[in-house]
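Q: Spelled out from the first residue to the last, the chains are:
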Amino acid sequence: MLNYLWSFMILAGVGWAALHGTLPETARGALEAAGEAVSLCVTMLGIMSLWMGILKIGERAGLIDRLAGRMAPVLRFLFPDIPAYHPANRSIAFNMIANMLGLGWAATPAGLKAMKELEELEEERRQEAEGFSASCGAAVHPAPRGIVSHPAPRGTVLRSASRGTILRPAPRGTASREMCTFLVINISSLQLIPMNMIAYRTQYGSGAPAAIVGPAIAATAVSTAVAVLFCKWMDGVGRRRAG
Amino acid sequence: MKLILYLSECVIPLTIFYIVGFGALMRRPVYDDFVDGAKEGAQTVIGIMPTLVGLMAGVGVMRESGLLACLSEGAAGWLEGLGIPSRIVPVALVKLFSSSAATGLALDIFKEYGPDSELGLTVSILLSCTETVFYTMSVYFMSVKVKKTGYTLAGALLASGAGAAASILLGRLMS
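So the sequence lines, in the order shown, correspond to chains C and S.
Positions 1 to 243 (our numbering) are the ones given, in order, by the first sequence.
Positions 1 to 175 (our numbering) are the ones given, in order, by the second sequence.
None of these hints come from the bench; they were simulated from the model.
C-beta atoms are modelled at their ideal positions from N, C-alpha and C, and glycine is treated no differently.
Some hints here could point you the wrong way.
To be verified - Simulated DEER-style distance windows between Cβ atoms:
#1 Gly236(C) - Lys39(S): 44 to 52 Å
#2 Leu157(S) - Ala84(C): 43 to 51 Å
#3 Gly236(C) - Phe17(S): 17 to 25 Å
#4 Leu71(S) - Ser39(C): 23 to 31 Å
#5 Tyr18(S) - Gly207(C): 47 to 55 Å
#6 Gly81(S) - Ala84(C): 12 to 20 Å
#7 Leu14(S) - Leu229(C): 26 to 34 Å
#8 Leu71(S) - Val42(C): 28 to 36 Å
Could you put together the complete structure from these sequences and hints?
A: This is the structure we're talking about:
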């Protein structure tokens with residue numbers, strides 16, 4: 001993707017310059033920007049080393065684990081159908097906390113692990129659904145997501161913990177409801193302190209580089225709130241359609 | 001607004017205090033941990049330097065040739081009618097695909113208008129409250145071989161749009 005975007009920037013820019021006689025300025029612009037990128041990196045080298053160093057202290061001292069442990073009520077609200085004992089809970093909590101702290105390198109591996117565990121959970125549900133439909137003689141068609149209204153045996157991953165009804169698993173190759181919710185919330189951005197942006201603002205002579213922290217948290221809260229509402233709403237639509 | 005700005009300035013020192021204090025309470029060798037992390041941070045920055053050079057040069061070419069001005073003026077009329085600053089739109093769109101390319105465009109705004117201008121503040125908040133939608137989705141879904149992504153894209157775009165709207169509003173309030 002970036003290959004297309006970047007070649008468009010260069011090719012269209014130089015083409016435009018040739019047509020409008022701005023080729024010398026364009027050459028100067030490219031060279032100056034390259035130098036500017038390096039001086040920006042020098043500023044960032046200081047700020048990001050300091051910040052990553054601080055965050056490393058937190059990570060090694062077990063701060064992410066500690067905070068992730070407090071996420072249980074949030075997870076129960078967002079993912080009511082993941083059984084409490086399931087390892088996916090832990091990975092999701094870890095990913096979310098690491099994202100909030102801006103620890104991208106710690107967040108991504110945990111997030112990918114969460115996706116794998118959610119897929120395993122869905123696979124368990126699929127197998128149970130096959131067994132279940134065979135045992136009661138009714139074919140459970142692999143409809144997208146949602147519930148069927150048969151009573152389920154207790155203690156299965158198929159039973160919705162929140163409603164006591166039976167979940168209808170997503171077919172293979174399709175995202176489960178939990179995956180969609182997890183990713184939408186993840187992409188809605190959770191980062192609380194945008195240290196990169198503070199570094200850029202410092203480099204460009206801002207009078208108050210950190211002044212954006214409060215507004216950035218507010219904007220992040222807005223986008224995350226919209227993400228949560230949307231997921232809850234889609235969840236409801238999926239259930240009604242299937243039920 | 002003054003209070004928010006003041007609290008903003010306090011968040012970072014307090015966070016540093018909390019984390020270092022937490023590490024000390026856990027009896028960690030905090031300075032050694034710090035140095036290890038700082039090394040990683042330095043490597044990260046050096047790692048992204050070639051990307052930044054490439055993208056900032058690309059933005060430099062677009063700006064100096066006059067193409068960037070032409071592109072943003074093209075849609076400026078009806079965008080500003082809606083209250084959307086036209087310079088923000090390319091940043092928001094590019095951010096869906098690549099964080100560093102969006103940074104390149106944002107820095108161009110800093111250079112032209114200054115980071116504390118309304119536009120500079122808006123773009124700072126915008127890039128802090130949005131994620132690279134398409135990149136993240138492809139990495140996460142590819143890892144579990146999922147092709148049909150359900151309502152993820154719609155939700156992610158909606159959330160990003162809400163974040164962008166909030167940024168424009170907050171940028172206006174702050175300046």
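Q: Could you work out which of the previously given hints the structure breaks and list their numbers from low to high?
A: 2, 3, 5, 6
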